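Spelled out, the chains give:
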Amino acid sequence: MRKLLLFIPLALFLGMGFFLWKGLYLDPREIPSALVDRPMPAFELPSLTEPERNLTVADLTGEVALVNVWATWCPTCKEEHSFLNQLAQQGVTIYGINYKDEPVKATAWLQRYLNPYREVILDQEGRLGLDMGVYGAPETYVIDAEGTIRYRHVGAVDANVWKQLQAVIEQVEGAGA
Amino acid sequence: MQRYLFLLMLWAPLSWAAIDAYEFRTPVDEIRFQELTAELRCPKCQNQNIADSDAPIAKDLRREVYRLINAGAADSEIVDFMVTRYGEFVLYRPVVNSHTWFLWYGPYLVLGVGALVILMIVYLRKANRRARPDAKKTELTAEERARLDALLEKDNKG
Numbered sequence: 000m001r002k003l004l005l006f007i008p009l010a011l012f013l014g015m016g017f018f019l020w021k022g023l024y025l026d027p028r029e030i031p032s033a034l035v036d037r038p039m040p041a042f043e044l045p046s047l048t049e050p051e052r053n054l055t056v057a058d059l060t061g062e063v064a065l066v067n068v069w070a071t072w073c074p075t076c077k078e079e080h081s082f083l084n085q086l087a088q089q090g091v092t093i094y095g096i097n098y099k100d101e102p103v104k105a106t107a108w109l110q111r112y113l114n115p116y117r118e119v120i121l122d123q124e125g126r127l128g129l130d131m132g133v134y135g136a137p138e139t140y141v142i143d144a145e146g147t148i149r150y151r152h153v154g155a156v157d158a159n160v161w162k163q164l165q166a167v168i169e170q171v172e173g174a175g176a
Numbered sequence: 000m001q002r003y004l005f006l007l008m009l010w011a012p013l014s015w016a017a018i019d020a021y022e023f024r025t026p027v028d029e030i031r032f033q034e035l036t037a038e039l040r041c042p043k044c045q046n047q048n049i050a051d052s053d054a055p056i057a058k059d060l061r062r063e064v065y066r067l068i069n070a071g072a073a074d075s076e077i078v079d080f081m082v083t084r085y086g087e088f089v090l091y092r093p094v095v096n097s098h099t100w101f102l103w104y105g106p107y108l109v110l111g112v113g114a115l116v117i118l119m120i121v122y123l124r125k126a127n128r129r130a131r132p133d134a135k136k137t138e139l140t141a142e143e144r145a146r147l148d149a150l151l152e153k154d155n156k157g
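From first to last, the protein sequence lines are chains A and B. In terms of numbering that gives the first Met the number 0, the first sequence opens at residue 0 and continues consecutively. In terms of numbering that gives the first Met the number 0, the second sequence opens at residue 0 and continues consecutively.
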């Protein structure tokens, strides 16, 4: 009994060591979105491609889709852009939110790097971004056919991230069917 | 030289805090603004509050706090506004709920466990002494005395 007690500090050390070691591999920048499983916030903002036309949540619903928050001032957005183009070619529906950007620059960007988005919402003041809890571009959301947010990814979308997003999409589509 | 150094020191704290030119309707509103922005955490630069941070998002959030204060929102409403968008993460002082219970009361729990352990040790020692009353006796037996003498003798010679 006495001898067993001597092992308590070792057990405590191992326990703490485990959690600290695990902490090394956690990314503190990954904040779970407060909006997961909540509807997309309401908005009425112009389209980047047709400024006279206003877009609302109704324009984003109907099928499971990605919503990508991007801006021309964001280097990582450039990095992920070609991958988004690929996804769009594969038939994935992607909506864009042009976040706190200049429309002229954004239009030029889409002409130069191609446009993977079905619609681009012009959020010049960042109001929609604020309502969605965006804290840095790029961010990519998965929304279901009713416009409910199901997943949020912060950072560039690449092949690995796409696997995660795909899993979420399959799950959402499976639940809806 | 010293005078200039002193002036530099006076100026330094200003350069740390981000400055916005906000006009408040009442001094109370201004104090509320300062308290709220000091208590809300910047989602981008996570070790700063939104009052200190120069990140664009912190600036947006300060503007939002200002707008809400001027719109007559209560402190709790402003905090709720931020939490619904950015999650409880933005609170430097997390609310007490089932998730944060351990965070708030864990230290007291650990303190209690420590106190229990100490009480147990004290109790066990007392019980031990009571069980073997002669263990307290410090006098040596004749045999022990002889051995000690021999040892001391050896030491003195050496």
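Treat the hints with care, since some could be wrong.
Here are the simulated lysine-lysine pairs, DSSO-like style, with alpha carbons at most 30 angstroms apart [said to hold, decoys possible]:
#1 A/Lys104 x A/Lys77
#2 B/Lys125 x A/Lys77
#3 A/Lys104 x B/Lys43
#4 A/Lys21 x B/Lys125
#5 B/Lys58 x A/Lys77
#6 A/Lys2 x B/Lys58
#7 A/Lys162 x B/Lys43
#8 A/Lys21 x A/Lys162
#9 A/Lys104 x B/Lys58
#10 B/Lys43 x B/Lys58
#11 A/Lys2 x A/Lys77
Hint data in this document are derived by calculation from the structure and do not stem from the laboratory. Predicted, not measured: the structure shown is a model, and the values here were computed from it.
Hints versus structure:
no., hint, verdict
1, A/Lys104 x A/Lys77, "holds (13 angstroms)"
2, B/Lys125 x A/Lys77, "violated (73 angstroms)"
3, A/Lys104 x B/Lys43, "holds (24 angstroms)"
4, A/Lys21 x B/Lys125, "violated (43 angstroms)"
5, B/Lys58 x A/Lys77, "holds (24 angstroms)"
6, A/Lys2 x B/Lys58, "violated (59 angstroms)"
7, A/Lys162 x B/Lys43, "holds (26 angstroms)"
8, A/Lys21 x A/Lys162, "holds (23 angstroms)"
9, A/Lys104 x B/Lys58, "holds (23 angstroms)"
10, B/Lys43 x B/Lys58, "holds (11 angstroms)"
11, A/Lys2 x A/Lys77, "violated (62 angstroms)"
Checked against the numbered hints above, the structure violates hints 2, 4, 6, 11; every other hint is satisfied.
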